[in-house]
Amino acid sequence: MNPFAAVGRVVLAFFAETGRIALFTAMALRHCVSPPLYLRLLARQIMVVGYYSLPVVGLTALFTGMVLALQIYIGSSRFNAESAVATIVVIGLTRELGPVLSGLMVAGRVASAMAAEIGTMRVTEQIDALTTLSTNPFKYLVVPRLIATTLALPLLVLIADIIGVMGGYLVGIHKLGFNAGSYLHNTFEFLKALDVVSGLVKATVFGFLIALMGCYHGFHSKGGAQGVGKATTDAVVSASILILVANYFVTELFFAQ
Amino acid sequence: MSAPPKIAVAGVHKRFGKKIVLDGVDLEVARGQSLVIIGGSGTGKSVLLKCILGLIRPDSGSIKVDGTETVGMSASDREQVMRKFGMLFQGSALFDSLKVWENVAFGLIQGRKMERARARDIAIEKLGQVGLGPEVGELSPAELSGGMQKRVALARAIATEPEIIFFDEPTTGLDPITADVINDLIVACVKRLGATTLSITHDMASARKIADRIAMIYKGRIIWQGPVADIDRSGNDYVDQFIHGRAEGPIKMDVLKP
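Residue numbers (this note's numbering), protein chains in the order written: chain A, 1 to 257; chain B, 1 to 258.
No lab work stands behind these hints, which were simulated from the structure alone. A few of these clues could be false.
To be verified - FRET-style restraints, in silico, Cβ to Cβ: (1) A:L12 to B:G32: 48 to 54 Å; (2) B:K252 to A:L12: 31 to 37 Å; (3) A:V33 to B:E125: 55 to 61 Å; (4) A:F255 to B:R118: 54 to 60 Å; (5) B:L139 to A:V67: 45 to 51 Å; (6) B:E143 to A:F4: 27 to 33 Å; (7) A:Q226 to B:K219: 24 to 30 Å; (8) B:E143 to A:M166: 52 to 58 Å; (9) B:G67 to A:A26: 31 to 37 Å; (10) A:M166 to B:R118: 49 to 55 Å; (11) B:K18 to A:G8: 32 to 38 Å; (12) A:L39 to B:A75: 45 to 51 Å.
Stated by the list, open to error - Residues of chain A clear of chain B, computed beta-carbon distances all greater than 12 Å: (13) P36; (14) A81; (15) S134; (16) V201.
By construction, the Cβ of each residue, glycine as well, lies at the ideal position given by its N, Cα and C atoms.
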C-alpha cells in the first residue's frame, strides 16, 4: 500500500469532518437565534441535562475536594505551608477541576445519550418524518439541547465548586485537624471573583461543546445499531477531547499576560 | 391546455460516490391519481421519493410540484411546499418519546400551530378512521404491534389532510391479512381526501390494490409505466419477471453461485 495515499486519506478525512462540524455549528447557531424556540423541549432538556446530572457531578466534586485537601496537605507539610491547603483547594476547584471534571462527567452522561437518541431517530427515519411534518429537525432536536446544556453546565459547576470546597473542608476539619473558622477564613481570604468567573466561562464553553458533539454525531449516524453505537462513542470521545483542548485556550485567554 | 401534473419529475440524476442510483428518471403524477412505483431492492425507489420530498438533493434534473420547481428552492419556500405533503414511512418512524395521539397530532401542533386540545380531537378522529379506538391514543408507540404502528403512521400522514401522500413500502413486514387491511385503509383514506399519491413497493398485491397507474424502476430509470390493468400484458420482460417473482429472466441479481 502506498504510504502517501494512506496519510492523504487520513488528512482529507480530517478536513472533511472539520468542515462538516463547522457547517453543522453554523446551522445550529443560526437556528438558535431565529424563531420558533420550543420552550417545552428546552425545559425538558434543562431537567435532563442539569437536574439529573446533579448526583454524578456532586459526587465527583465531593471526592475531588476531599482528595485535593489530603494531597495538598501532604505536599505542603514538607515545607511547613499547611495553612495554604484551604486556599489551594478552592482555587484548584474553581479554576480547573470543577469545570473540567464536571464537563467530562456530563460529557459521558449527556453527549452519549444525545448521540444515541438522535442517532436512533436518524436510522429509524424519525428525523425525516419531522421534516415531512413541517418541523425543522434542527429547531426541534438540536437547538433545545444546545441551549439547555450551555445554560445548565455553569450552574452545575457552581454547585460542584461549593460541594468540592465542602469536601475539602470536611477532610480538613475531621482528618487533618484544622480549625473550622480559620479553614473557612483561608478559603475566602485569597479567592478572587476571576477564579470563579473563569471557571464558569469554561463551563459554558464545555456545555456548548458537549451538546454540539452529541447532536452532531447523532445526526450523522448511519447503518443501524452499530452506527448508533459508533456515534455514541465518537460523541463522548470527541466531546472529552474538545473539552481538554478548549480548557487550555480559555485558560490562556484569561490568565496569559 | 390541461392542468399541470401534480408532480413532474424530469431527468433526475443522483449518485452516491461511484454508485449511480438515479440515472435520468422521468415521471408524472396527475392530480388525484395514485401512482405506484415497483422495483427490486436497491433500484433507487426510496432515493427518488426522498428527492421529491427534498430530503435528498438530486445532482441534476427538475422536480416540479404543482408546476413549481422545487430543486434548489430556499429552506423557507420548501417548508411551504412541504405542507402539501404527508408521508407514511417504511418503518412507521413514529416518535417513541411521544404518545400515540401526540404522534398523530404532531403536524397539527408543531407544523400548523393548532392548540393541543383541538389537535387531540382531530387525532382521535383520525385514529378512528384507521380503525383504532381513542384508548390507543394514550399508549406509547412501543406498546403497539407492527400492524397497529402502521395504522398510527397512516393516521399521522393524513392528519393534516395533505394534497399529496407518499407511501414507502406500506405493507413490508406485515402478514398478508394485515397488509390487506392497510391497503384497504390507504384506498379509503386517499379517496376521502381526494389526495394525489405516490407509493413505492415490491408487494404486487399491494400495488394492484392501491394503484391507478404503475411504473417500474430498474437501474435508476423508469423502464415501463401504464394503467394498472395493463400490468399483466405489458409486453416488457422485466415487468413480467418482476410481477411473477422469477429468479430467471433479464433482471440479474448479483448473487455469487456456490
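Do the hints match the structure? See the list:
1. A:L12 to B:G32: 48 to 54 Å: For L12 (chain A) and G32 (chain B) the Cβ distance comes to about 50 Å; the hint holds.
2. B:K252 to A:L12: 31 to 37 Å: About 35 Å separates the Cβ atoms of K252 (chain B) and L12 (chain A), which means 31 to 37 Å holds.
3. A:V33 to B:E125: 55 to 61 Å: Because 38 Å falls outside the window, the suggested range is violated.
4. A:F255 to B:R118: 54 to 60 Å: holds (57 Å)
5. B:L139 to A:V67: 45 to 51 Å: holds (49 Å)
6. B:E143 to A:F4: 27 to 33 Å: 56 Å Cβ-Cβ, so the 27 to 33 Å window is violated.
7. A:Q226 to B:K219: 24 to 30 Å: Holds - the Cβ-Cβ distance for Q226 (chain A) and K219 (chain B), about 29 Å, lies within 24 to 30 Å.
8. B:E143 to A:M166: 52 to 58 Å: With a Cβ separation near 45 Å, E143 (chain B) and M166 (chain A) fall outside 52 to 58 Å, so the hint is violated.
9. B:G67 to A:A26: 31 to 37 Å: holds (33 Å)
10. A:M166 to B:R118: 49 to 55 Å: Since the Cβ atoms of M166 (chain A) and R118 (chain B) sit about 51 Å apart, the hinted range of 49 to 55 Å holds.
11. B:K18 to A:G8: 32 to 38 Å: violated (18 Å)
12. A:L39 to B:A75: 45 to 51 Å: Once the Cβ atoms are compared, 22 Å apart, the range 45 to 51 Å for A75 (chain B) and L39 (chain A) is violated.
13. P36: Per Cβ check, P36 (chain A) is inside 12 Å of chain B; nearest 9 Å; violated.
14. A81: holds (55 Å)
15. S134: violated (3 Å)
16. V201: holds (33 Å)
Consistency with the previously given hints fails for numbers 3, 6, 8, 11, 12, 13 and 15, ordered from lowest to highest.
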